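Peer 1: Chains as they are written, first to last, in my numbering: chain A, 1 to 262; chain B, 263 to 783.
Bear in mind the hints are in silico, worked out from the structure with no lab data behind them.
Note that the structure is a prediction, hence the values are computed from the model and not measured.
Heads up, the beta-carbon is just placed ideally off N, CA and C, and yes, glycines get one too.
Check each hint, because a few of them may be wrong.
[What the hints assert, rightly or not] Which chain A residues face chain B? A few, computed with CB under 7 Å, are given here:
| id | residue |
| --- | --- |
| 1 | F22 |
| 2 | F25 |
| 3 | T99 |
| 4 | T104 |
| 5 | R126 |
| 6 | D141 |
| 7 | L225 |
| 8 | I230 |
[Said to hold, decoys possible] Pair by pair, the computed Cβ-Cβ distance ranges are:
| id | chain 1 | residue 1 | chain 2 | residue 2 | range |
| --- | --- | --- | --- | --- | --- |
| 9 | B | Q777 | A | V77 | 36 to 46 Å |
| 10 | A | N50 | B | G535 | 39 to 49 Å |
| 11 | B | G276 | A | H184 | 42 to 52 Å |
| 12 | B | A569 | A | G228 | 31 to 41 Å |
| 13 | B | A467 | A | G96 | 24 to 34 Å |
| 14 | B | L275 | A | N50 | 20 to 30 Å |
| 15 | B | V434 | A | E232 | 52 to 62 Å |
[Stated by the list, open to error] Computed, partial: chain A to chain B, Cβ under 7 Å:
| id | residue |
| --- | --- |
| 16 | M97 |
| 17 | T110 |
| 18 | R116 |
| 19 | L246 |
Residue strings, one per chain:
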Amino acid sequence: MTSADHEATAGAPPALSVRGLFKRFGEKIAVAGISLDVPAGSFYGIVGPNGAGKTTMLSMATGLLRPDGGTVAVDGVDLWTNLFEVKSTLGVLPDGMATFDRLTGAQFVTYAGLLRGMDRATVTARTADLLAALDLRESADKLIVDYSAGMTKKITLAAALIHAPRVLVLDEPFESVDPVSAAHIREILTEYVRTGGTVIVSSHVMDLVQRMCDHVAVVAGGQILAAGTIDEVRAGRSLEDRFVELVGRSHTAEGLAWLRTS
Amino acid sequence: MVAHLVRLKLVLLGNALKRSVWQILGLIFSLLYASTAGAALFAGLAYLSRRDIDMAATVVVFAGGLLLLAWWFLPLVAFGIDSTLDPQRFALFAIRRRDLLWGLGLAGLVGVPGLLTVLLTLGTLLVWRDSPAAMLAALVSWPVAVATCVVGSRATTTTLAPLRSSRRFREVTGVLVFLPLLVIAPLAAWASAEIDADRVTIEQAAEVVSWLPFGAVWGVPAAVAAGEPVVAVAKLAIAVATLVALVALWAWALDRTLVTPARRDGSSTRTSGLGVLGILPATATWAVVARCLVYWIRDPRYVGSLAVVPLLPFLVNFVDPGTGIALLALAPVTAFMLGWIISADVAYDHTAFWLHVVTGVPGRADRLGRVIAAGLVGVPVTVVFTVGAAWYTGRWEDLPAVVGASFGVLLTSLGLSSVISARFVYPVPKPGDGPFSTPQGSAVANLTIQTGGWLVLGLLVLPEIGLAVAAIATGSTTLGWAACVTGLVLGVVVLVAGVRLGGQLYDARSAELMQQVVAIS
């Protein structure tokens, strides 16, 4: 993204704006007051260690989980008071959830389109396009329960794209996806951002985020440690080094002297 | 190492209990249930000891044989039962086979079924209290019996593990396992009617069973009590040989399992086209209908409920006193069963429910879609059962009353279910599990919600049921038609109100529903 693009979108409200988001599960505070702005037209990466609260935060930002406190706005419209309106502009791929796996791949994508109230002709055409683009045409009539984990991710992504959302929220979209498919998905997403869409992805893979995204937020312990453009956050170093520095390395490899075999 | 494996099993059990208070209540309930069953069985054993020796031998052999067969074959079909000590998981550890056999064997006794088996088999000693020699024989064969239970179950599950990795096999057996259980009750009743007349035959059958691998161990004390030491030794030899063979089989299967990595089943189901999703109108409501219909046909949890339906007429006819009265209740009972299934519809969706939440499908469409799908299954069945019952019993004059009661119950339970599943999510078998594998610890949550729901349902259908019963009792045509009209009108009213209220609840609480679903996953 160039600075000219920034200026063009400067007047528009952020694609996703989160203020003071808070969630507690029993004793554990999963998200401890997160505020974050995702500029429209950005490719935004969310990185953080396991249990950082990424999934909880994204669930609250997509209407899957009601926050205990704080607000979420998509394109300037408050999510939790305008659920129907906002959900129609969001495409969501959650992580660690089941799918309706007794449906075939084609049925699942069609189902997602019809649930969103789209007409038959559009759903049929787009389902075919998506299955082709994600290299799933061969398996279109196979039950999802017989899919591999990577294929299941891809079909869920197709279901998230069918209504041409303005904002895509993808939780770990590349997990267990093979490198060829991952490169392919990346192309689709980059093209989507180039034409005005906004993508928010969470990932463990720093390298991927550094290469793919233009913005990044580092989340740990339910809080944002750093957020901004990739260059701002990494401050001249690799994102991975900066991440480890921010999150803090709790132990070193020195303690395992006995592991040396020579 | 052996102690490690047993301790591992205990720790797993303890950790499961720590997860939630429902797990603890579940264990308490199963212990209560087991101790009640155990007490009843002990009373039976004590009673047997006062009866003649032939009778005692017959019962012990049959009951013991059944127990062994249950240990051997039930784990195969009741999947999801206990895979915590799946031998596959030890493949990467360097554990000697002998240790693994002992460890897994002893760990198999940890738990309610194991405890009950140990105590009950020990309890059979009571039966032989009049004959010290037989009691001694029972004491000697007791460890053999217990070991045969555990080793047998490990042998069958480990040997057939490759088969069980096939989804098709698990689904089919998971549904089929219930069918014989349904038949057992009528069969037992029939047998008890015949038993006095043919006691000799029963005893002869027991004699045959006591020579078979699963009966021999139980026949040893009986043979001693009957003063036949040679027979006793022969039967003990059969029992020990069975045990040895099972250990050998298990050891062989274990060796094979440890060097064969688990693999996904290659076969997969293919369909062509979109099926019913491509036929029904392209709206959110009808999309939900189509998806639910696919699940009614393809998901073993729904199929299991449907598979029982064709058997119901036979079961009901069996308890009928001969007047056809019971058959008249067939349609309302079936209507209730089918209408009630969708009270757990969101729980059956499991976390796949997220798709409904993120797409923002209106509550009305979600509720109505599920109701229509259940109705498309329930209405034809109810029609067939009402008309069929009238035709079979020749009680055509009671048809209006039965129609009123049946459709009243069907429509009311569909309406009530729409509200319940928008408000409560209780644990049900997970996707991919068998229809009859009840998740641990769900008993209390299930009972509370379902009993409450049934009470409300009972109140809501009271008018049409009351009128129908009155009509059938008095033979009044007027009352019959009154029941018919009341049932249909009240049913439609409750259905419409239920879908409305359920839809509003859904719209207001879809995120909370999602959180409830995640909590039980």
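Peer 1: All hints, please: hold or fail.
Peer 2: For each hint, the structure was consulted:
no.: 1; hint: F22; verdict: violated (15 Å)
no.: 2; hint: F25; verdict: violated (9 Å)
no.: 3; hint: T99; verdict: holds (5 Å)
no.: 4; hint: T104; verdict: holds (6 Å)
no.: 5; hint: R126; verdict: violated (13 Å)
no.: 6; hint: D141; verdict: holds (5 Å)
no.: 7; hint: L225; verdict: violated (27 Å)
no.: 8; hint: I230; verdict: violated (28 Å)
no.: 9; hint: B/Q777 <-> A/V77: 36 to 46 Å; verdict: violated (23 Å)
no.: 10; hint: A/N50 <-> B/G535: 39 to 49 Å; verdict: holds (42 Å)
no.: 11; hint: B/G276 <-> A/H184: 42 to 52 Å; verdict: holds (47 Å)
no.: 12; hint: B/A569 <-> A/G228: 31 to 41 Å; verdict: violated (59 Å)
no.: 13; hint: B/A467 <-> A/G96: 24 to 34 Å; verdict: violated (54 Å)
no.: 14; hint: B/L275 <-> A/N50: 20 to 30 Å; verdict: holds (27 Å)
no.: 15; hint: B/V434 <-> A/E232: 52 to 62 Å; verdict: holds (58 Å)
no.: 16; hint: M97; verdict: holds (4 Å)
no.: 17; hint: T110; verdict: holds (6 Å)
no.: 18; hint: R116; verdict: holds (5 Å)
no.: 19; hint: L246; verdict: violated (29 Å)
Comparing the model with each numbered hint stated earlier shows that hints 1, 2, 5, 7, 8, 9, 12, 13 and 19 do not hold.
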